[in-house]
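The lines below spell out each chain.
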Amino acid sequence: MSAVHRHFRLQRRYLLYLPLLFMTVFYLIPMYVVVVTGFKGFEEVNLRTMWTLPSRIRFDNYVEAYRNLAPSLWNSINMVFPAAIISSFIGSINGFVLSRWKFRGADIIFPLLLFGMFIPYQSILIPLVEFMRMINMYGGLPGLILAHIIYGIPITTLTFRNYYATIPKEIIEAARIDGANLLKTYRHIILPVSMPSFVVVLIWQFTSAWNDFLFAVVLTKPEFWPITVALNNMAGSQIIAWNVQMAGSLLTALPTLLVYIFLGRYFLRGLMAGALKG
Amino acid sequence: MMNKFNQFLTRIRNQDTLTAIALVAPSIVAVGVFVYGFIGWSLRVSLSAWKGLLPDYTWVGLQNYIELFSDPRFFVDIRNTVIFTIVFVAGSILVGLSLAILLDQNLPGENFFRNLFLFPMAISFIVTGVVWRWLMNPATGSRISGLNQLFTMMGLDFLVNAWHTTPKWGIAAVALAAIWQMSGFTMALYLGGLRSVPEELREAARVDGANEFQIYRYIVLPMLSPVTLSALIILGHISLKVFDLIIAIAGKQLPLDVPAIYMWQATFDGYFFGRGAAIAILLLLAVSLLIIPYIYFNVKNEADL
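Sequences listed follow chains A and B, in order. Okay, so the first sequence: first residue is 8 according to the working numbering, each after it adds one. Okay, so the second sequence: first residue is 30 according to the working numbering, each after it adds one.
Since the hints were made in silico from the structure, they are not lab data. Keep in mind that a hint or two might mislead.
One-sided and incomplete, this derived list gives chain A residues near chain B with beta-carbon spacing under 8 Å [as the list claims (entries may be wrong)]:
1. M139
2. I142
3. L189
4. N239
Covered by chain A, according to a simulated footprint, are these stretches of chain B (three or more residues, beta-carbon under 8 Å) [what the hints assert, rightly or not]:
5. 43-55
6. 175-188
7. 259-270
8. 294-307
Where is the CB? At the ideal position from N, CA and C, for every residue including glycine.
Sequences and hints are given; from them, build the entire structure.
Have a look at this one:
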C-alpha cells in the first residue's frame, strides 16, 4: 500500500515538469530563432522557413553582421571597461566611508542616493546634453563614460556600503589603534577583502553600460555609437535583411550572456542588490 | 600615558574626518549636480518657451503642461502606459510567482531551470526588441511567419493575431516581450521570499493536517506580500520608463507611443525643449509616487534593524 502510494506521489511530482518545460520553450523560442537563422546561408534564408533548421552551418550572416557592427562593437568595448572599472572604485571608496564614518547628514544622503538610482533619466536628459556641449564632451565616448560613471555612483556606493557594513567593527578598530589612518585602513584592511563585492559591482556596471541605449543615443554621434544603438539602427533600416539582424542581435547579446553564463552567481547578487535595497 | 594615547586617537579621528569628507565630497557633489541640479534645470526648461535650437528661458509658467493635457497624443501615451503597466506587471508577477512555487518543490534540475529563466535579464532591451519584432511579424496569408506561423503549424489558428499592430491594444504585445525579459527576475525575487519561510512553519501545518495547497494559500503566500510589494514597485517603475523595447520593436510609431518616446521626439527631433522637459518632469513625478514611499519604508526598516 505504502509503496503504491509513494509511487503515485512520485508520478504526480513529475507532472510539475510539464509547466516547467512549457516555460522553458517560452524562454528559449527567441534564442532558437536567433541561432537557427544566424547559421543559415543567405540562399536558405526565408521568413516562411524561419523555424526550420539550417541544412548546413554557414557563417554568412555573422560575417555580414560583424562587417556592419564592428566599429560600434569596438566603441562599446572601449566605453564599457573604463565606465565599469572607474565607477566600481568610486563606489568602493564611497561605500567604505559611508559605512564607517558617521557624520551629520549621513542619514539624508542615503535616501537621496537611493532616489538617484530610480529616476527616469529623461528628467535629466536635456541638462545632460546641454552640459556635455558646454564642456565639449558631446558626441564622443568620454562623455558617455562620464555619464555612466556619475549615474552609477548611487548603485555602486550602496552595494559596497552594504557589503562593508558586514565587516566586523573590531577589525577596523584594531587597525586604527595600530595607528593606521583612514586611507591605510582602506588600502590594507578593506580593499583586500573587497573582491566579492568588486565582482558583483563590476558585472552590474558592465551589463548596464553595455545594454544602455538612452544615454548612448542622445550623447554620441554615429561614429561613436555603441553596439545597441547601431543594432537598433540596423533593425530600423530597410536595407539590412532580418537574418543579418538576428546575427547582429547575438553579437550584441554575447558579451553579457557570457558574463551571465560564467559569473551568473555574482550577476544575480548584483541584481538583487540593485532591486531590493540599496 | 593614557591621556597621550587618547590624544593620538583623537588626532587620527580628526584627520580621518577630513579625509573622509575629501573622499566622498566629489561623488556627493556630482550626484547633487547631475541628479538634483539637473532635475531643477529640467523643471526650469519645462516652464520656459524654449522651442528651437537656441536655448530660450522666457518664462511661460505652466503653459507647456496645460498644452500637454489638451494634446490627444499625450492621452494615447497615458492609455498605452496604463495598458502596458497592467499587462506587464500582472503577467510578470503571475509567471514569476508560479515559476518560483514550482521551483520551490525541490525537483531535480532546479538550478538549471532557474538559470534558464533568468538569462533574458542579461540581455539588452534592444536585442529583445529586435528579435521579438520578427517573432511578432503581423504578416498574414502566404507571407505568414514568426509566432503566427508557429501557431498555424500547431493547429492553434485562433491564436494568430496582429501583435503590436493591433489597434489600441498593440502595446500589450510589447508587454509580452517585456514579460519574457523580466519574469525570471520576478521569479528570483519570489524564490528568495519562499526560501525565507521557515520550514518549521510548513511542517507544523502539515502535522495539523493541512494539504500543500492550503499551506501555500494560508501560510506561505501571506508571508510573501512584502516581496509582491517590492515587485510591484520595481516592475511598475520600469513600465513607466519603458522606451528602448518599444523603439526596437516598432520604431517611433504613434499607436505605440509612450511618454518617454514623446519626450525624446519632442526634444531631440522637434526641438520643442519646453514640452520635452514638461513630459520628463511628469514622468519623474509618476515614478516618484512609487519610489519615494518605497525608499521611506526601506530606510525605516533598515533603521529598525
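So, going through the hints one by one against the coordinates:
no.: 1; hint: M139; result: violated (11 Å)
no.: 2; hint: I142; result: violated (12 Å)
no.: 3; hint: L189; result: holds (4 Å)
no.: 4; hint: N239; result: holds (5 Å)
no.: 5; hint: 43-55; result: holds (count 8)
no.: 6; hint: 175-188; result: holds (count 5)
no.: 7; hint: 259-270; result: holds (count 5)
no.: 8; hint: 294-307; result: holds (count 5)
Hint compliance for this structure: hints 1, 2 are not met, and every other hint is.
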